[in-house]
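**Student:** Residues per chain are reported as follows:
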Amino acid sequence: MLGTILGSNTLLVTVLAGAVAGGTSILYAALGEVIAERSGVINVGTEGTMLVGCLAAFVVDVETGHAWLGVLAAAFAGAGLAAVHAFMVVYRGASQLATGLALLFLALGITSLYGENYVSSNITGFLSYKVPLLGSIPVLGPMLFDHDPLVYVSYGLAPATWWFLFRSRWGLLIRTAGERPEALRAYGISPASVRSAAVMLGGAFAGVGGAQLSTALTLTWSEDMTAGRGFIAVALVIFAGWNPLRAVVGAYLFGGAIQLGAVLQVHGYQINQFVLDALPYVLTLAVLAVLERRQNQFAPEALGQNL
Amino acid sequence: MTLGTMRYAPRRRLTLSLMVVAATVALASWSGAGSAKSLAGGCVSPAGAKGPGVGASTIGFIYVGSTSDFGYNEAAHAGAMALKQACPNLKILEEDSIPETSDMVTAAQQEMGEGAKIIFSTSYGYKDYAVTLAKENPNDVYLQQGNFITPPVPKNANTYFGNVYETVYMGGIAAGEATKTDKLGFVAAFPIPQTLLNIDAFELGAESVNPKVKTYVVFTGSWCDPGKQAAAAASLLQEGADVLSQHQDCTGTVIKAAEAAHAYTVGYHYDAESLAPKGWLTGSDWSWGPLYTAMVKSILDGKFSGGMFDTNYSLGYAGGSGIPSPMVLAPFGPSVAASTKAKIAAVKAKILGGWSPFTGPIYNQAGKLEIPAGKAATAAQLAALSYLVKNVVGTLPG
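Going down the list, the sequences are from chains Y and V. The first sequence begins at 1 in my numbering and counts up one residue at a time. The second sequence begins at 1001 in my numbering and counts up one residue at a time.
Bear in mind the hints are in silico, worked out from the structure with no lab data behind them. Where is the CB? At the ideal position from N, CA and C, for every residue including glycine. Hints may be right or wrong, so weigh each one.
[Said to hold, decoys possible] Stretch by stretch, here's where chain Y covers chain V in the computed footprint (C-beta under 8 Å, at least three residues):
no. : segment
1   : 1211 to 1222
2   : 1230 to 1238
3   : 1251 to 1259
[Claimed, not checked] Some, not all, of what chain Y presents toward chain V, calculated at C-beta under 7 Å:
no. : residue
4   : Val84
5   : Phe87
6   : Met88
7   : Ser168
8   : Leu172
9   : Ser222
10  : Ala262
11  : Val266
12  : Gly268
Based on the sequences and whatever the hints tell you, model everything.
**Tutor:** Quick look at the structure:
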């Protein structure tokens, strides 16, 4: 069966293109979570942060007709929800896990309530744009260069996040907040402020990921539409060893798993959809089981520890 | 994913439609005593009527999802409002987002506490609770939308539904005529009989006008995961399908994907022509009002027990006692040819005359004869349908 998939050009191309399109929302959220966790704060409520981004982008697009304004709104909404997380865990010393989960449920409720009137709304949103020349390259063209603008933005964002974290002064401060917050304090900078900023930036990223899901990939809003993608993003950060570039690979792997299920069915392969559905999570568990010991050395030392 | 179940998290809102005007009208009709029956639009029990639910002035509705989901639950809510319009003297109580658990019993008891003697439980999974309630409360009536009560059906309960596959078959005709690639795509959720009926009817309808046509199926394993729907639609379009249909709770993503790819759409659950102004062909839509009203009137008249509704009642185009089918065909899109409309009208006339789209010979994917030539599938056969017909490409999960 593997031979057929690789041998057939269309099969491979559909899976690869779908991996990128479907993986992008996860990628944004994962990049944001890398930044937050590098500062020492886990946000398991990323699922909820994405969800408010989905709705904010969709509503603003419906009301104004401007998809980019929607993205901006999604970033603000994501940052806003993350700000609550930051306040609770950084300034009030609340449990990071409990707060993240509570915020997830809050986001589920809020978006269900305020999104109800938008279920039937129609938007233009972001459409696919085929890049001239590059888009015509076999396999790579449809895989990478025939997508919505938010996919193209993410191509720049992953290396930019890497540069920001590992080459800029801001990145150094964030990483220090996650490794040795007391060193930061000795240096005269409040680790609380740095952590808050990092968590909010991460929330903004997750919000934009939500925007890609609602206003580019699916062009709809519906209750709980993230369907677990936020949790995948959190798991992905460990998988990627807190490295933004490796998060790209992981995100596309998950996007590809979803697309593979659909592609195999269309070609009539005897495959159990429920098994395919479980694949991304099995993969996460396998990666955690195999790599956890090795990955631990990459983990920020003060990750999950409140100040 | 565990979060899938959160859609039905106990997020219960009691949407009591307490209509003061209605109460006043009811009061007026009460004082009118003898002339009550002649009151225009009034739905009251005639003197001497006996039976469960007789004398009811309050009707309770229970929905599994939001009544503004632009889909199944909104359609049921619209039916309740149509009942209200037909019978302004009745008080309507509604509770939405009630999970298919014992929460349904709590919701029903709450409505009964408010005076409801007739309960519409509008979701498939409420059935067992409704039957139990019926046995415990012999003077009230429980009407179950969808599903099947293994006979004997209690005297004060029923199941009712519409023959969805009839309109899906007609939509299939539109698809079979429109396709240029002879490939149709269908995004499904789970392989339950009702969904398989729809897929099969879609292919059978298309095949009736275009023998070469095949239907490609993708099961998403979820009633509403737009990201997965996008993946399914992309795969189907990539394979060359140029008409997409679906059986999903949220339907926008697949329709928008088809429109963006200049493909056609056959809708499900609601008229979504605005989402696909170019590619919209037609679709299946619900219209519950007349059936709800007919059932309530039969209860009030004391004619429910042992009557035509007191069974596993499924209404199609052929109808019964002049009640129109709860399924309607959504308006045609701009590209549907007059000749196609004529073919659909002819089939509709045939169905009105009692013909079933599931009339043999019908073969399954393996080529086995499931329904012999000239024979129509029985209601029991359809309720338990478990196969995809020949020329459907796809496999049943599990």
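**Student:** Hint by hint, say whether it matches the structure.
**Tutor:** Verification of the hints:
1. 1211 to 1222: Result for this restraint: holds, n = 7.
2. 1230 to 1238: Our answer is that it holds, as 7 residues pass the Cβ test (under 8 Å) against chain Y, meeting three.
3. 1251 to 1259: Three-residue rule met by the segment 1251 to 1259 of chain V, so holds; n is 4.
4. Val84: For Val84 of chain Y, the interface hint is violated, since the closest Cβ of chain V sits about 20 Å away, which is over 7 Å.
5. Phe87: violated (25 Å)
6. Met88: violated (22 Å)
7. Ser168: violated (33 Å)
8. Leu172: violated (36 Å)
9. Ser222: holds (4 Å)
10. Ala262: holds (4 Å)
11. Val266: Holds. Min distance 5 Å.
12. Gly268: Holds: closest Cβ of chain V sits about 5 Å from Gly268 of chain Y, inside 7 Å.
Hint compliance for this structure: hints 4, 5, 6, 7, 8 are not met, and every other hint is.
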